[in-house]
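S.K.: Two independent chains are provided; combine them into the complex using the hints.
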Amino acid sequence: MAKIRGAVVIDQDRCKGCRLCVVACPTQTLALSTTSVNHRGYAFSEDVNPDACIGCSSCAQVCPDGCITVYKIREE
Amino acid sequence: MTKEEIIQKGSLAYEKPSLLNNNTMHYCPGCSHGVIHKLIAEVIEEMGMADKAIGVSPVGCGVFIYKYLDIDFQEAAHGRAPALATGIKRVLPDRLVFTYQGDGDAAGIGGNETLHALNRGEGITIIFINNAIYGMTGGQMSPMTLMGQVTATSPYGREAAIHGYPLKLAEIAAQLEGTAYVTRQSVESVAAIRKAKLALKKAFQISMEEKGSCLVEFVGTCSSGWKMTPVDANKWMSEQMFLYYPKGDLKDITKKEKS
Ligand SMILES: Cc1ncc(C[n+]2csc(CCOP(=O)(O)OP(=O)(O)O)c2C)c(N)n1
Ligand code: SF4
Ligand code: SF4
Ligand SMILES: [Mg+2]
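Protein chains in written order, with the numbering used here: chain E, -14 to 61; chain F, -5 to 253.
Hints listed in this document are in silico derivations from the structure and should not be mistaken for laboratory results.
Please note: incorrect hints may appear among the correct ones.
Claimed, not checked - Computed from the model, here is a short list of chain E residues facing chain F with C-beta under 7 Å:
#, residue
1, Ala(-8)
2, Cys3
3, Val8
4, Pro11
5, Leu17
6, Ser42
7, Gln46
8, Pro49
9, Gly51
10, Lys57
Glycine included, C-beta positions come from ideal geometry on N, C-alpha and C.
Isolated chain F, as found in the complex (with noise of 0.2 Å):
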């Protein structure tokens, strides 16, 4: 059978999700930020929530994903997403709302507005893309740096005495009252692919039926700022990015309530 009879006579086994419009994406080549931006599509378009999701934006590379998903979106200040998410929730509590945020965003100048946000229980889910740089400025240090991690601002790779240590976001988030749901995932494997995106979905379910905040972070690959291949990114990824921010879930109320 030649390749035209088996796409004119086969069945469709995989093709990119519809809320992922044409607009050719801005991301460097093998981005992690292209394959979530897909996960989060397929996702709201099996909830049935395409006119019912809202998405917050800040600063970071990850910003224009207004441009390319098909929900509302408003885009936010630098490290603002949280709170701009907050009054649109409590504004129109029948929507999906959610931020998408960069580690330098929700971490950096925006830590104060993650924890307090999440810590208030809103009805929101934070993506958080961990990527252990600051990717669209031209890779500074941010607080998810690895020790030892070459930056251009730790030319001499991170130091604990002179830059602190790497901030586990996502385990301060599991130890507040406020959260429902908090999950480490990645997309770097078809298998990867496959969890975080179970675990995206059940953040959105849990967020909409208010039992608190969710956040579900992605380690994710910034090949420019790491300045590698994004074969080679995806590598380092998951050699030396899983060991410091291990993978799963942190937190999770709703096993709680079944047991």
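Pulled out of the complex, with its shape left as it was, chain E reads as follows (with noise of 0.2 Å):
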């Protein structure tokens, strides 16, 4: 059967940590991180679960910074 799959690239250095891409996603792909933070101090999204992802776009529209940019793909 064929499967969506999605994949997302995440601009860190822009990312300011707000976590409205993470309760926005309806596939928990997202979270912000625990271990890291970028050069401006911000505990970034990251995308802990990617083999969730459908590609949805849900988190880049929501994401005030532009920060998401998502790609995606029939499995066959």
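M.R.: Below, the structure is given as structure tokens:
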């Protein structure tokens, strides 16, 4: 059965750790880093569960800073 | 399939609009201003108006929009963007002219100008970011502050006897002969963002057709001023702000034309 797979690329230097993407994601793909911060001191968003991503773009749309790029593919 | 393979072989589903440049936005984490900037960039891009759009940004956190969107901008004094936009639109009628104003700006110090520009039916769109507070100066009460809302200048909450009532600017604008389209939107969810984008596009189109002036209110968050996390601010906005400021179109003369 064909399955939709997605992948996100997060500009972690630009991210301010607002968490809006984390709560918008329907598949719990994202979380804020618990181990590192970026050069401005923000705990940035990471795709901690990348296999779960379905490429829906919810995270990218709600991101106020335009940090997320989303790719999508239909896996046969 | 690995993440790298999906990126390589898959199709691009979302990237930030190209009119939004790479300057780091100064807004606090989670601020609605950023999402609204992205929508403006997307709509102008889709309309092919990048070379013809002129924004006017007065005082408030959103003044710095000119640093982030790669289109022409003019700064204005506090509350005076509609007058400047009027002048620009009258001299250059083929341009897409819009203002980007906060609630302290458009409803407070600039309330007079906002209403008169709208009532003259200028071919401009006023984008009005209502976060119920003076964000930039540290969270003082604005005309849009809700009853009971605690701010730096209403520490016991807004009280009618002392502070009067929140101003329903969009409802007033909808009563003016000069307005063609008045709508209230928000950007807290994907569904809200989708609707808001359509509304913004409609306003820009109507203002280009010079059918009258347009007001697009965005109910937005100011997590710093409200002293909440961005996630809680979206929740508070949905539960409290939308009750007093209900979303949707308040006036649309293009609907009358059709029927
Ligand atoms: C003539 C003048 N008066 C006062 C100020 C101070 N001031 C700067 S921003 C601001 C309030 C802005 O609030 P709002 O328009 O709601 O924008 P926000 O920051 O909330 O997005 C004020 C009063 C000023 N810059 N100029
Ligand atoms: S694209 Fe959708 S599924 Fe993938 S991380 Fe973003 S919100 Fe989650
Ligand atoms: S003070 Fe409020 S309106 Fe200004 S950038 Fe911060 S959250 Fe946004
Ligand atoms: Mg404000």
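S.K.: State for each hint whether it applies.
M.R.: The hints, checked one at a time:
Annotation: interface hint on E/Ala(-8) holds; nearest CB of chain F at approximately 4 Å, less than 7 Å. A least Cβ separation of about 3 Å between E/Cys3 and chain F falls short of the 7 Å threshold, and the interface hint therefore holds. Because the beta carbon of E/Val8 sits about 5 Å from the nearest beta carbon in chain F, less than 7 Å, this interface hint is met. The beta carbon of E/Pro11 comes no nearer than 10 Å to any beta carbon in chain F, farther than 7 Å, and the hint placing it at the interface is violated.
With its C-beta approaching chain F no nearer than about 11 Å, E/Leu17 sits outside the 7 Å limit, and its interface hint is violated. The restraint placing E/Ser42 at the interface with chain F holds, with a minimum CB-CB distance near 4 Å, inside the 7 Å limit. The interface hint given for E/Gln46 holds, since its Cβ lies 5 Å from the closest Cβ of chain F, which is under the 7 Å cut-off. With a cut of 7 Å, the hint placing E/Pro49 at the interface with chain F holds, because the nearest CB-to-CB distance is about 3 Å.
Restraint check, E/Gly51 versus chain F: the minimum CB separation of about 3 Å is within 7 Å; hint holds. Interface restraint check: E/Lys57 against chain F, minimum CB-CB distance 4 Å, threshold 7 Å, status holds.
When each numbered hint is compared with the structure, violations occur for hints 4 and 5.
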